[in-house]
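**Student:** Fit chain to chain and form the complex, with the hints in mind.
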Amino acid sequence: MNKLPKLIYSKALHDYKFGPDHPFNPLRLELTVDLIEKYGLIQEGQMVEPQSCAIEDLLMVHPENFIKVIEKASQGKESPDLLQTYGLGTDDTPAFSGMLEATQKVVGSALSGAKMIMEGQTDHVFAIGGGLHHAHRNKASGFCVLNDAAVAIAYLQRNYGLNVAYIDTDAHHGDGVQFIFYDDPTVLTISIHETGRYLFPGTGQVEERGRFEGYGFSVNIPLEAYTEDDSFIEVYEQTMEPILEAFQPDILITQNGCDAHYLDPLTHLAITTKSFEVIPRLAHRLAHKYCKGRWLALGGGGYDHWRVVPRAWTLIWAEMNEIELPDEIPVEWLQRWQKESPVALPLRLRDGANEFPPIPRREIITDKNRVTLRRSIRDAVELIMSRRAC
Amino acid sequence: MLVEEIMERNVYFVGPEATASEALLITQEKRVRHVPIVESGKVIGILSDRDLRDISPSTLSPEQDDLLATTKVKDIMRKPVITVHPLDAMEDAARIIYEHKIGCLPVVQNDQLVGIITSTDILHAIVLVMGVAQPGSHLEIDVPDQPGALLEVTRIIKEGGANIISIYITPGKEEKRKTIVLRVSAFDTRMIIHAIVAAGYKMIFPQPKPIYEERPNE
Ligand SMILES: [Zn+2]
Ligand SMILES: [Zn+2]
Chain A
1 MNKLPKLIYS
11 KALHDYKFGP
21 DHPFNPLRLE
31 LTVDLIEKYG
41 LIQEGQMVEP
51 QSCAIEDLLM
61 VHPENFIKVI
71 EKASQGKESP
81 DLLQTYGLGT
91 DDTPAFSGML
101 EATQKVVGSA
111 LSGAKMIMEG
121 QTDHVFAIGG
131 GLHHAHRNKA
141 SGFCVLNDAA
151 VAIAYLQRNY
161 GLNVAYIDTD
171 AHHGDGVQFI
181 FYDDPTVLTI
191 SIHETGRYLF
201 PGTGQVEERG
211 RFEGYGFSVN
221 IPLEAYTEDD
231 SFIEVYEQTM
241 EPILEAFQPD
251 ILITQNGCDA
261 HYLDPLTHLA
271 ITTKSFEVIP
281 RLAHRLAHKY
291 CKGRWLALGG
301 GGYDHWRVVP
311 RAWTLIWAEM
321 NEIELPDEIP
331 VEWLQRWQKE
341 SPVALPLRLR
351 DGANEFPPIP
361 RREIITDKNR
371 VTLRRSIRDA
381 VELIMSRRAC
Chain B
1 MLVEEIMERN
11 VYFVGPEATA
21 SEALLITQEK
31 RVRHVPIVES
41 GKVIGILSDR
51 DLRDISPSTL
61 SPEQDDLLAT
71 TKVKDIMRKP
81 VITVHPLDAM
91 EDAARIIYEH
101 KIGCLPVVQN
111 DQLVGIITST
121 DILHAIVLVM
131 GVAQPGSHLE
141 IDVPDQPGAL
151 LEVTRIIKEG
161 GANIISIYIT
171 PGKEEKRKTI
181 VLRVSAFDTR
191 MIIHAIVAAG
201 YKMIFPQPKP
211 IYEERPNE
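The listed protein sequences correspond, in order, to chains A and B.
All the letters of the first sequence, read from the start, carry residue numbers 1 to 390 under the UniProt record's numbering.
All the letters of the second sequence, read from the start, carry residue numbers 1 to 218 under the UniProt record's numbering.
Fair warning: there could be bad hints in the mix.
What the hints assert, rightly or not - Keeping only pairs whose Cα atoms sit at most 20 Å apart, straight-line, the calculated SDA-like set for lysine to any residue is:
| hint | chain 1 | residue 1 | chain 2 | residue 2 |
| --- | --- | --- | --- | --- |
| 1 | B | Lys209 | A | Pro357 |
| 2 | A | Lys17 | B | Gly161 |
| 3 | B | Lys173 | A | Arg361 |
| 4 | A | Lys289 | A | Arg361 |
| 5 | A | Lys139 | B | Ile164 |
| 6 | B | Lys209 | A | Lys368 |
| 7 | B | Lys209 | A | Glu224 |
| 8 | B | Lys209 | A | His22 |
| 9 | B | Lys42 | B | Lys158 |
| 10 | B | Lys158 | A | Gly89 |
| 11 | B | Lys158 | A | Asp91 |
| 12 | B | Lys74 | B | Ile164 |
| 13 | B | Lys158 | A | Gln84 |
| 14 | B | Lys158 | A | His22 |
| 15 | A | Lys368 | A | Arg378 |
Claimed, not checked - Chain A regions said to be covered by chain B (calculated; three or more residues, Cβ under 8 Å):
| hint | region |
| --- | --- |
| 16 | 136–144 |
| 17 | 199–207 |
| 18 | 255–269 |
Simulated from the structure, these hints should not be mistaken for lab results.
Idealized CB from N, CA, C, for every residue including glycine.
Isolated chain B, as found in the complex (with noise of 0.2 Å):
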């Protein structure tokens, strides 16, 4: 998944001549955490609802009223900006992100501002990317880490009858296993675990339930 199918291209942002309280402004209406500074196209700075009601006035000194009407976004933004590109991938976006604890990234074309990505819209394509926007079942499975293993499981579950909604794979509990975690459109998963657990592997969750012969109803 790419950064342009993920980011926010409605972008409010604000000269380098405006002013605190306009940026302020911003982040209240809007409904907006950051606002980007930017002349000309170009993001020269940023600043965050934090940043902003930092320099409010506070109750116990009124005489610093003003100060939001007089200070200049350019003389308190941050800089320089840490931007990404819409073809930079989603994940790429995601570790910067974590790695620099920032809440934003501003996404730059040809030195131009063409979107914003938030840590919010990246929690979204998670989910999305997890599948839990369509009815399926959860399953874990533990498999050793070596070719072959992924493709038979999912085998069995095209032989369950059910499609696969999404699939991740982390590094399994021990040394040299690995955890394949998928969700199935399937309400009765009852059989698919059972032929997991014939094919040698072990159910992480849920555990294998009995199933008992039935008489088939009249």
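Next comes chain A alone, as it looks inside the complex (with noise of 0.2 Å):
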């Protein structure tokens, strides 16, 4: 490997916050990098400052109008109806100032992201902030205001012509990307995640698979909650080769959010690091198999960032690097931040086998996923060849 893979990120990133008390904490970030750094990943010139993107980037894929009312509210002066007809302005999401440049940085990360990759500067990119998989073409929801993972395809499509195949591991549905694309052939979206009948935001059912030109462009394989890591693993690895294989992607974007470990505060599956080292393994593969190497992997969802976040996102870096981390998390790190945990920090990067509890139904809820996934894969991989085909 000749050219190293980057890492989008600076404390400019910071700015994109909701208040001292929401859930979607750049500390998580912060906390993040801190331990790739302590770990020696970093070498030199291979973080990368984000940029922010330009307005006319953004209207690749939302309205003027959606991206006025953000502008106006960022400064303070919009209506609170009007804000919450386009998704702002509630506890989850609400308004805050300097909220369009804050968000112009996490686009712009992977869209810079996307372009150094088509440049050729490198073949791997993490932009870590980025993942905003929830916003919607009119509408911010889930903590997303605007869509970088949308933005960024919109730009490959765009300048290239690429077909890009876009992957989601967060524990909630890939919504907004799915949806901006519902009718897009050239844009295959995957997403598995805790079953919308339990978990925000409700849609990603099996029987979405795309619209018009676009049926059989959207995978969904909604897991039920808590499926533990042979599961998700089984259906994971199960799911992208044979789809990947039938698409022949020319770029692989993932979107990694860790909300589906067992610790995090606001979903119900039970996964730990384990699956957190397979996702992005199989991915790296994936990318050098049918897309030159290219990868853009964003963050996402997280929300126990003391325990869950850092370790799962340095297990992509690594993977990115192709390097092999010993278990033990470095001890300058845990100095560092035990002080200011509210929780005991994790001493190892990888979760051990007997983390919690047996749960209950093992049995029929590894039934239920293998299911769901023949119902998923069974049409999917023959519609995308037939489609391919014409």
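**Tutor:** Structural data, given as structure tokens:
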């Protein structure tokens, strides 16, 4: 590997925050990048300052009136009623001062990641502040104001005419990205998530397969609550390769929300770092197999920012750099952060085998996930193949 | 929700003298499962695509080839037909479809066919009632079967700043209990869940998770 992977991060990304008690806390980025640094995983030139995107970049995906509302809300000058219409001003996604500029930096980091890859500076980029997958064209939702993944995808389509595969392993359905490209056969979206029967946003059923020309190019695997590693990994590994083989993408974009961890306060899946090691490993292999190595990884959800996010995302960065990390968390990191943490920080990078009491209905959960997997990919591969042929 | 709000108004039908093959063609071209037989606006019978396929020629007996073309629908149609009125409630239509094990109900007003409602239309209406079309989180709460519980739960949700997208109440798992099933427009439902538990109700889903005191971000 001659071109080193890039990590897009600086404290400028901390401006994207909704307030002191809000779970989407930029501290998780700081904790993660500090762990990466304490592990000695950053070489000269690998860390890249996020760049703001232009308003014109946003317009590839979001309508002008929506951006205008965000701009006014950013200055505290928008009426509460109009904010509600656009999904802002709720407790989940409240408007905040400087919101537009902060979001432009998040979108800009995903967009410049895509640019760096296409301009040949590197093959792999981790835009750690990105992954705002719930933002719709016309509406903010679920902590996401604008959709960075969608803007990066639109850029790749417009400038390079690429077929883009987007894989979303956040515990929540990647509804924004899916529906923005719902009619589009050049963007394949695959989302594995906790079933919308229980979890926000509620969509992501197997039957959501896309529409019109895009029929077949949305793939959803809704998992049962309390799904554990073995079932999660089985479903993930059996889905990705056959579908990417059928689709033949030119570039891979992954959304790496780590809120499916059993410690996460907002979701009900029960996986551990074992899955968070498997997810980027396979993504990395598939990027080399199908996409000449082009792999843009984004962050995403993850609300246990002391114990889960730093470890899960350090594992992604290590995989990109093909480094096998020792299991002991660097003592300097623990020393720096333990006094501030309300919980005992983990001493090991990887969770053990018996982290939590056995899940009561493991067998039926595993079986249901297998049935879902079969229902989801049975038609998906065939549909993609037949559509690509014409 | 009334039948008139969810029925299909554009109904494909045939007259009694039509042939089975004409009716079969409609099911295929219009992608419908049922064809009402109508005489002067009145529904006098109905045929399903399965009824029609049953008289289609099999490859084993090609001599029956013209059976479809020579059979008139009036001779094979099912009658009498169970119908509903546009002002019937959606749940009544659902119960009729369920109890009679049928796939659709013609909608009749002043003795005239004005629409049709299928089991798929009813399922779609239920999906809307359950509010799955909007982003939200699912809550299931076990409450005593007595006045006031619903009021208190909805007050807690309001105080939590969330909107209720849909709500229904099912019999509880035990005697004299009910389960309130809600979708609320919140991504983070922890505060609501803790307030519900603090008010003395039991969460069926999700189980409450601990909330840690955070240092305020800089
Ligand atoms: Zn999430
Ligand atoms: Zn590589």
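**Student:** Of the hints given before, which are not true for this structure?
**Tutor:** 4, 6, 9 and 12
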